[in-house]
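Kindly produce the complete structure, drawing on both the sequences and the hints.
Our numbering numbers the first residue of the sequence shown as 178 and each following residue consecutively.
Hints are not guaranteed to be accurate.
To be verified - What follows is a set of in silico ranges between Cβ atoms, one per label pair, in the way DEER data are often shown:
id, residue 1, residue 2, range
1, Ser258, His206, 19 to 25 Å
2, Gln191, His248, 25 to 31 Å
3, Ala205, Trp233, 16 to 22 Å
Note that these hints are calculated values from the structure, not bench results. Don't be surprised by glycine CBs; every beta carbon is placed ideally from N, CA and C.
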Amino acid sequence: MSTQAQSLSLNQSQRNCLLQIARAALTAHFQERPFTPPPPVDPDLWQQVGIFVTLWLQDGRDPPPHWPHGHLRGCVGHIQSD
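See below:
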């Protein structure tokens with residue numbers, strides 16, 4: 178197993194694609210229905226990498242200064258691919 182870190186740079190289009198997939202997956206989960214992600218159109222998105230997702234709760238309250246995106250709802254992920 179390699180312990181060397183690799184960096185993955187995504188352009189805005191790739192970020193938007195992954196964000197749409199993540200939102201659809203979360204929506205399906207909370208609506209208790211199955212989810213099958215669409216195959217990515219961009220071949221760069223087929224790479225097997227670790228992923229970490231942070232969920233922010235934007236509930237109208239003033240966010241803490243150390244979390245400018247809102248209140249932390251949760252985090253989940255893996256630093257290496259499975």
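Each hint tested on the structure:
1. The given range of 19 to 25 Å is respected by Ser258 and His206, whose C-beta atoms sit roughly 21 Å from each other.
2. For the hinted restraint 25 to 31 Å between Gln191 and His248, the CB-CB distance of approximately 28 Å keeps it satisfied.
3. Between Ala205 and Trp233 the CB atoms are about 20 Å apart, so this pair conforms to the stated range of 16 to 22 Å.
This entry satisfies every hint, going by the numbered hints stated previously.
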